[in-house]
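Could you put the whole structure together from the sequences, leaning on the hints where they help?
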Amino acid sequence: MTSFPTDLTTAQSVEAGTGDTSEAPAAPAAGAVRAGAGGTWSALRRDAGAMLGLGYIVLVTLVAVAAPLLTSISGWTPYAFDQTAIDPDLGGMPIGPWGGVSAEHWFGVEPGSGRDIFARIVYGARVSMSIALSATALTTVLGVSLGLVAGYFGGRVDLVISRVMDFLMAFPALIFMIAVLSALPASNRSTLLVVVISVFGWPYLARIVRGQTMSLAQREFVEAARAAGASGTRIVFREILPNLRSTIIVMSTLAVPGYIGTEAGLSFLGVGVVPPAPSWGQMIAASVKWYAVDPAYFVFPGVLLLVLSFTVLGDRLRAVVDAQEGR
Amino acid sequence: MPRFLLTRVTSGVGVLLLVCLFTFLVFFALSPDPAVQICGKNCTPEVIDQIRGNLGLDQPFWAQFFHFAVGIFAGRTYGAGAGAIECAAPCLGYSFQSSQAVWDMIVQRLPVSATIAVGAAVLWLLAGLAGGLLSAVKEGTFLDRFTTGLTLTSMSIPNYVLALVLQYVLVVKLQWLPFPQAVAFADDPGRWFANFVMPWIVLAVGYAAAYTRLTRANVLDVLHENYVRTAYAKGLPQALVWRRHALRPALTPVVTIFGMDFAGLLGGALITETVFGINGVGKMAADSIARNDQPVIMGVTLLAGFLVVVGNIVVDVVYTAIDPRVRVNA
Numbered sequence: 095m096t097s098f099p100t101d102l103t104t105a106q107s108v109e110a111g112t113g114d115t116s117e118a119p120a121a122p123a124a125g126a127v128r129a130g131a132g133g134t135w136s137a138l139r140r141d142a143g144a145m146l147g148l149g150y151i152v153l154v155t156l157v158a159v160a161a162p163l164l165t166s167i168s169g170w171t172p173y174a175f176d177q178t179a180i181d182p183d184l185g186g187m188p189i190g191p192w193g194g195v196s197a198e199h200w201f202g203v204e205p206g207s208g209r210d211i212f213a214r215i216v217y218g219a220r221v222s223m224s225i226a227l228s229a230t231a232l233t234t235v236l237g238v239s240l241g242l243v244a245g246y247f248g249g250r251v252d253l254v255i256s257r258v259m260d261f262l263m264a265f266p267a268l269i270f271m272i273a274v275l276s277a278l279p280a281s282n283r284s285t286l287l288v289v290v291i292s293v294f295g296w297p298y299l300a301r302i303v304r305g306q307t308m309s310l311a312q313r314e315f316v317e318a319a320r321a322a323g324a325s326g327t328r329i330v331f332r333e334i335l336p337n338l339r340s341t342i343i344v345m346s347t348l349a350v351p352g353y354i355g356t357e358a359g360l361s362f363l364g365v366g367v368v369p370p371a372p373s374w375g376q377m378i379a380a381s382v383k384w385y386a387v388d389p390a391y392f393v394f395p396g397v398l399l400l401v402l403s404f405t406v407l408g409d410r411l412r413a414v415v416d417a418q419e420g421r
Numbered sequence: 007m008p009r010f011l012l013t014r015v016t017s018g019v020g021v022l023l024l025v026c027l028f029t030f031l032v033f034f035a036l037s038p039d040p041a042v043q044i045c046g047k048n049c050t051p052e053v054i055d056q057i058r059g060n061l062g063l064d065q066p067f068w069a070q071f072f073h074f075a076v077g078i079f080a081g082r083t084y085g086a087g088a089g090a091i092e093c094a095a096p097c098l099g100y101s102f103q104s105s106q107a108v109w110d111m112i113v114q115r116l117p118v119s120a121t122i123a124v125g126a127a128v129l130w131l132l133a134g135l136a137g138g139l140l141s142a143v144k145e146g147t148f149l150d151r152f153t154t155g156l157t158l159t160s161m162s163i164p165n166y167v168l169a170l171v172l173q174y175v176l177v178v179k180l181q182w183l184p185f186p187q188a189v190a191f192a193d194d195p196g197r198w199f200a201n202f203v204m205p206w207i208v209l210a211v212g213y214a215a216a217y218t219r220l221t222r223a224n225v226l227d228v229l230h231e232n233y234v235r236t237a238y239a240k241g242l243p244q245a246l247v248w249r250r251h252a253l254r255p256a257l258t259p260v261v262t263i264f265g266m267d268f269a270g271l272l273g274g275a276l277i278t279e280t281v282f283g284i285n286g287v288g289k290m291a292a293d294s295i296a297r298n299d300q301p302v303i304m305g306v307t308l309l310a311g312f313l314v315v316v317g318n319i320v321v322d323v324v325y326t327a328i329d330p331r332v333r334v335n336a
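Listed in order, the protein sequences are those of chains Z and X.
First residue of the first sequence: 95, per the working numbering; consecutive thereafter.
First residue of the second sequence: 7, per the working numbering; consecutive thereafter.
Heads up, a few of these hints could be off.
What the hints assert, rightly or not - So these bits of chain Z aren't anywhere near chain X, every CB distance computed over 12 Å:
1. T165
2. R313
3. T405
To be verified - List of simulated lysine to aspartate or glutamate pairs, DMTMM-like, C-alpha gap at most 25 Å:
4. X/K144 with Z/D141
5. X/K144 with Z/D416
6. X/K240 with X/D227
7. X/K144 with X/D227
8. X/K240 with X/E145
9. X/K144 with X/E231
Hints were generated in silico from the structure; no laboratory data involved.
Using N, Cα and C, we set each Cβ at its ideal position, and we do this for glycine too.
Written out as structure tokens, the structure reads:
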């Protein structure tokens with residue numbers, strides 16, 4: 095998985111990194127997964143859909159990282175108003191075809207304000223991606239550690255964690271997210287978004303990790319480690335965790351598109367990222383008012399493709415991993 | 007069975023109380039003083055104090071929460087003396103904006119939301135089951151791969167985007183459909199259908215895709231089971247094997263997930279209703295959020311929580327009825 099060039103893996107490499115030194119004695123499972131990591135990659139590389147998705151994800155990530163550079167080339171910041179690009183007599187419609195596309199404004203301008211759409215998309219990618227990836231990282235850390243602890247130690251610990259998961263999953267998450275975000279001060283929305291999304295997101299991963307941990311804990315190599323005098327923490331993080339690697343990677347890849355959608359949806363409803371900071375969801379929300387007269391302002395293809403890319407990649411990854419584990 | 011039901015109901019009530027407390031806490035701790043909001047422009051400290059007194063906002067947190075919770079089951083009285091307002095049994099308070107009872111507002115708009123939810127549910131169940139079964143029967147063919155691609159795409163479209171695209175194409179460009187409004191079925195079934203068909207599609211698409219995938223995976227799993235092989239070995243024709251042995255176990259998980267999804271639909275309807283401007287419970291919640299109308303937001307949150315909890319209990323009961331394996335524990 096070393097050649098998996100998104101930010102996604104950085105979240106896991108903290109934990110998964112220790113996995114490579116795993117010394118599971120009787121480790122047929124650990125060995126299979128380790129050998130499988132290279133096999134997963136080569137199987138994935140032959141898959142056109144997965145590669146296209148990955149390519150687009152890399153492109154968006156690069157664009158997001160290089161946003162300041164790109165806007166310095168294109169010449170407009172996401173916050174600058176260009177009054178010369180819009181027609182005040184037509185209620186602020188962009189001048190020129192396709193929503194004002196020109197050498198000056200590559201993707202046209204926002205109707206009404208004349209802000210450069212290219213710059214806003216580029217910076218919006220930054221906001222949307224960083225929120226989705228941070229939320230994924232946080233849910234992964236929470237879900238994996240709590241799921242491991244609940245699954246391995248069982249008993250009262252498991253009871254408490256499972257009850258909390260039941261409670262959070264019974265919660266009307268979207269409505270509550272909206273309510274909380276609208277009630278909280280808007281000063282640091284991005285962080286809040288990440289926290290709120292993660293709080294409601296981790297149980298879905300934790301439930302799966304818990305189940306797998308419970309069955310892995312019965313395996314011989316765990317017993318061997320216990321007999322060799324390894325502590326509970328050591329068994330959980332050095333013996334069991336490495337075997338969950340493929341599950342975790344697949345689940346996180348599939349979680350990203352969901353969070354991109356959630357962020358966009360919340361921003362669309364006006365409780366997400368605060369203007370004037372651009373985000374893709376917010377731009378879609380803004381384009382609603384104009385869609386009949388200026389359909390070119392609709393920026394949805396970008397969002398759709400990104401979500402689709404992650405979904406396809408996750409889906410193929412799961413198929414490959416499932417096939418390798420003989421399920 | 008009754009004992010199992012009792013524990014489920016008890017834990018459900020517990021979850022609801024927690025949802026209630028959690029929501030209340032968030033609003034109590036975080037939101038700006040509603041009394042100042044209600045008071046408006048020409049405000050004096052005395053008036054604010056009076057409003058606080060009437061709404062019980064001058065009391066400590068636990069007292070406020072207690073009155074709120076009791077009000078839901080037994081009703082409550084705001085203020086005292088001649089100016090007192092009686093709020094009947096499912097009392098969720100009054101809107102800060104319109105001064106209407108929150109319960110009445112919800113009841114008024116619930117039929118619209120229910121119409122959208124039920125229509126969408128029918129649509130996605132039909133599409134999902136048909137698509138999944140077809141895809142499983144034709145496993146590995148072009149049709150199967152096409153369906154898989156279609157489901158992935160449908161799952162990736164945010165529903166508000168789909169709503170806008172549909173509206174642009176079908177309403178603005180082709181003018182086949184009107185801008186959706188809440189038309190009663192009794193008034194004009196044709197117009198009712200024309201108005202609701204877009205919200206149904208928008209709400210259903212994501213679920214339909216997920217159900218297609220779920221159904222396909224389950225059916226394929228079951229077809230690889232030993233007892234299906236045994237059934238074939240006995241010489242049963244394919245149609246009979248499917249009907250008698252494959253479909254029931256394959257569709258049980260769909261029933262479970264359907265119950266939970268349907269119960270949680272209020273959240274999805276919120277975006278759909280907002281985009282189309284249909285005046286249901288979801289749009290009411292979205293509007294209240296914009297105006298910081300806390301009692302309404304809390305009322306809708308509680309209603310949504312209630313539906314999810316009830317949905318889970320119903321699913322558990324139905325599940326024990328249709329899956330013989332879990333009956334033992336009951």
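Hint check results:
1. T165: Non-interface label stands for Z/T165: nearest chain X Cβ at 25 Å, farther than 12 Å.
2. R313: holds, 24 Å
3. T405: Z/T405 not clear of chain X: closest Cβ-Cβ about 5 Å, inside 12 Å.
4. X/K144 with Z/D141: holds, 21 Å
5. X/K144 with Z/D416: holds, 21 Å
6. X/K240 with X/D227: Measuring from Cα to Cα gives roughly 20 Å; hence the hint holds.
7. X/K144 with X/D227: holds, 14 Å
8. X/K240 with X/E145: holds, 24 Å
9. X/K144 with X/E231: Distance of about 18 Å is within 25 Å: holds.
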